[in-house]
Amino acid sequence: MENPARITIVVCDDEASTRQLACAALAGGNYSIIEAVDGNEAVELARSVRPDLMVIDMMMPGRNGLDVVAELRTDPEFADMPAILLTAHDAISHRDAAADAGADRFMTKPFSPLKLASVVDGLIRKRLATQNKRLRELDRLKDEFIALVSHELRTPLTSIGGYLELILEEEVGELTTQQRRFIEVIERNAQRLLRLVGDLLLVAQIEASGLGLERSVVDLAKLAAEAVETARPRADKKGIDLSLVCEEEPALACDPARLAQALDNLISNAVKFTPEGGHVEVRVSCRQGRAAIEIEDTGIGISPVERDAIFAPFFRASNAVEREIQGTGLGLVITKAIVLAHRGEIHVESEEGIGTTVRVELPLEHKDGNGASPAAGGAA
Amino acid sequence: MTPSAGRVRPLVLVADDDEDILDLVVFRLEQANYDVASATNGAEALTLARERIPDLAILDVMMPKLDGYEVTRQIRANDETRDMPVILLTARVQEADVTRGFEAGADDYIKKPFSPQELRARVQSILGRR
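Residue numbers (the numbering used here), protein chains in the order written: chain A, 110 to 489; chain B, 10 to 139.
Calculated from the structure, these hints are not laboratory results. Honestly, I wouldn't trust all of these hints.
As the list claims (entries may be wrong) - Far from chain A, some chain B residues (derived; all Cβ distances over 10 Å):
1. Glu60
2. Gly114
3. Lys121
4. Ser124
5. Ala130
Unchecked claim - Covered by chain B, per the in silico footprint, the following chain A stretches (three or more residues, Cβ under 8 Å):
6. 139-147
7. 408-419
Note that this is a predicted model, so its numbers are computed, not measured. Beta carbons are placed, not taken as given, at the ideal position from N, Cα and C, and that holds for glycine.
Throw the hints in and build the complete structure from the sequences for me.
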């Protein structure tokens, strides 16, 4: 488990005794406190650690507290960061200057540690509440955005695809060979756009709420065979020998559409990254209650430094970009999410210039009662 | 399939605010030998549903005035239209939307984009089992 980020406070005073007093006053608050000895260090620290609050002495040699606050306030990043100014003089002119510089509170030295702690706690609570509200608002906006994009992009694509299909079926007149060829180009690209929109939405959905599965029991070997046949035309075109070896035919409780999507992604990747005349082999096997699918290619491979990055959204391997191999960097993100949603594992072994083997392992039994139900969830 | 009330062919109501998609669905249904009534918003769809009592309603979810969920709810709330099968047409594929559709009383849903075969199969399976 990762620790949630701690609240960070910068305490800046040229006098060590004041810093120690302030740190001691705030020690009970589970804050991470960083000390700065002058104004320059305070500004530098603020920029690098982005604290949640700053306690700054007003009177310091060189850059004083007023300068520090005024300087930071010009950066939008620090517009809302609470700042407390400390001073030995409780003069109205000092209070005014502190307010003008953009400080939230003004405290005279010597200060009561309890008072400082309570002021800091109050400001931090207020800051967290504001941040929380903003995050909820952003979350809502993101959901609305996904819904909007989903509708606004799919609707025109539905029309494009639907009417192209009508024309290609020659429902409204015969096509010349050339007309058919051109319209097929449009259709292929509309399909590509649709897949891209689908992938983007799926990634957004996975990040927002995870992946929902509609499970039913299927023969994994059959699913793999279908995926291999889907990739066959592209393999043939590149003269790649694409083969399927099924040692067993494991019955698997899974979401067939999603798992097919994962297999399609992996096999089409293997074909895409394998040069002409290469080999791609898909193997289905079973061992110790787990089904395994391996996709081995003789492709360009992935360098060891990039191995871990391939499952990050929008990542493209440098050798793929160099060779101008097209892609969005979403396929493997989706594939991994699908495998994980099935409580499976995915491993990649690769050697640059030699080839890549992707191994997906899926548990055959589901003990949570969630799987193995013959009916797909409601909608099918 | 048995069309109701002295009809030779079943009457299907289609509602979508995107007229291009509406035309496409109407074309495909007429091609499959159905009579079609069409509407470009939810209010119009509800009026047609009450006046003509179609054998099936296909409603887009996102429509101005009344959305597909609300039209479905009102179809279910009226004695004369209560048993009318409803298919929702949706460009959104999140599970919550599907659940919302079934909660409103829809019998089935079709995801956009849909293939003509899929449309025909869904319509036939609902009209055929009546």
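Verify that the Cβ of B/Ala130 lies farther than 10 Å from every Cβ atom of chain A, and report whether the claim holds or is violated. Non-interface label stands for B/Ala130: nearest chain A Cβ at 13 Å, farther than 10 Å.
So B/Glu60 supposedly isn't at the interface. Is its beta-carbon more than 10 Å from every beta-carbon in chain A? holds, 28 Å
Would you assess whether B/Lys121, listed as outside the interface, keeps its beta-carbon beyond 10 Å of every beta-carbon in chain A? Violated: least Cβ distance 4 Å, not greater than 10 Å.
B/Gly114 remote from chain A - nearest C-beta pair above 10 Å: holds, 14 Å
Grab the minimum beta-carbon distance between B/Ser124 and chain A and tell me whether it stays above 10 Å. Non-interface label on B/Ser124 violated, nearest chain A Cβ at 7 Å vs cutoff 10 Å.
Within 8 Å of chain B's CB atoms, at least three CB atoms from the stretch 408-419 of chain A: coverage verdict: Check failed, 0 qualifying residues.
Three residues or more, CB to CB closer than 8 Å: is that satisfied between the stretch 139-147 of chain A and chain B? violated (count 0)
Of the hints listed earlier, those the structure fails to meet are numbers 3, 4, 6 and 7, in rising order.
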